[in-house]
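S.K.: Residue numbers (this note's numbering): 3 to 171.
If you are wondering where the hints come from, they were derived from the structure by calculation, not from laboratory data.
Beta carbons: idealized from backbone N, C-alpha and C, even for Gly.
Please note that a few of the clues may not be correct.
[Stated by the list, open to error] Quick list of simulated restraints, FRET-style, between CB atoms: (1) Arg48 <-> Ala151: 29 to 39 Å; (2) Arg48 <-> Gly149: 30 to 40 Å; (3) Ile43 <-> Val161: 17 to 27 Å; (4) Ala115 <-> Phe95: 34 to 44 Å; (5) Thr64 <-> Ala85: 20 to 30 Å; (6) Arg133 <-> Asp97: 32 to 42 Å; (7) Thr61 <-> Arg91: 17 to 27 Å; (8) Gln152 <-> His96: 34 to 44 Å; (9) Ala115 <-> Gly90: 35 to 45 Å; (10) Pro157 <-> Ala111: 32 to 42 Å; (11) Ala123 <-> Gly90: 16 to 26 Å; (12) Asn141 <-> Asn62: 21 to 31 Å; (13) Ser129 <-> Asn62: 22 to 32 Å; (14) Glu156 <-> Met30: 26 to 36 Å.
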Amino acid sequence: MTGEPEINETASRGYEPPARVRDYFAEMYVAGVLADAGWDIYFPRRDNGFDMIVSRPATNTTIVRPVQVKGKYASDEKTDKSAYGYVGRLTAFHDDMILAMPFFTSQDAHAPALIAWLPRAALRPHSRGWRCQPARFVNSAPEPRPGYAQYFGEPGLMVFAAEVGVSII
């Protein structure tokens, strides 16, 4: 015996799996939305930095964008907030990056109520790293803040397709 518990011994002591984390689900959901919009999706071998790289052909070029996903998951106890989004550390930056922020509610964890598609310019320095709060939380649901509506949904995503990326020539 090596001193490590056997599988049955661990189970008999009331082993509980770790708390359910939805970050990977948010990344896959965002990847699906991007694929539906015509982007090609590339995942890094390790989760260091960007969650994915996306590309799509354009006239005489290919647009390439690195993507970070920061999912927001409201609980039943979430109170109204005038500013709601991400505050914290980001693992990588690029001038052409997309910060995708899916906003989930406690009533529907299967799909986000909103997705914000934010450019690097929307990030602001903060004492805990970076801040980007494009939504507010009102009556148990996220909604775009005034002045940020252009970052949400299909119109928000299409901005990244219109800007020229990296040339393949």
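S.K.: Now look at each hint and say whether the structure bears it out.
M.R.: Checked hints:
1. Arg48 <-> Ala151: 29 to 39 Å: 35 Å, holds
2. Arg48 <-> Gly149: 30 to 40 Å: Hint holds: Cβ distance 37 Å, inside 30 to 40 Å.
3. Ile43 <-> Val161: 17 to 27 Å: Since the Cβ atoms of Ile43 and Val161 sit about 18 Å apart, the hinted range of 17 to 27 Å holds.
4. Ala115 <-> Phe95: 34 to 44 Å: Cβ of Ala115 to Cβ of Phe95: about 27 Å, so the range 34 to 44 Å is violated.
5. Thr64 <-> Ala85: 20 to 30 Å: Violated, at about 36 Å.
6. Arg133 <-> Asp97: 32 to 42 Å: Once the Cβ atoms are compared, 18 Å apart, the range 32 to 42 Å for Asp97 and Arg133 is violated.
7. Thr61 <-> Arg91: 17 to 27 Å: The hint (17 to 27 Å, Cβ to Cβ) is violated, given that Thr61 and Arg91 are roughly 37 Å apart.
8. Gln152 <-> His96: 34 to 44 Å: 21 Å, violated
9. Ala115 <-> Gly90: 35 to 45 Å: Since Ala115 and Gly90 have Cβ atoms about 21 Å apart, the given range 35 to 45 Å is violated.
10. Pro157 <-> Ala111: 32 to 42 Å: 25 Å, violated
11. Ala123 <-> Gly90: 16 to 26 Å: 18 Å, holds
12. Asn141 <-> Asn62: 21 to 31 Å: 48 Å, violated
13. Ser129 <-> Asn62: 22 to 32 Å: At 44 Å between Cβs, range violated.
14. Glu156 <-> Met30: 26 to 36 Å: At roughly 19 Å between Cβ atoms, Met30 and Glu156 fall outside 26 to 36 Å, so the hint is violated.
The structure shown violates the earlier hints numbered 4, 5, 6, 7, 8, 9, 10, 12, 13 and 14.
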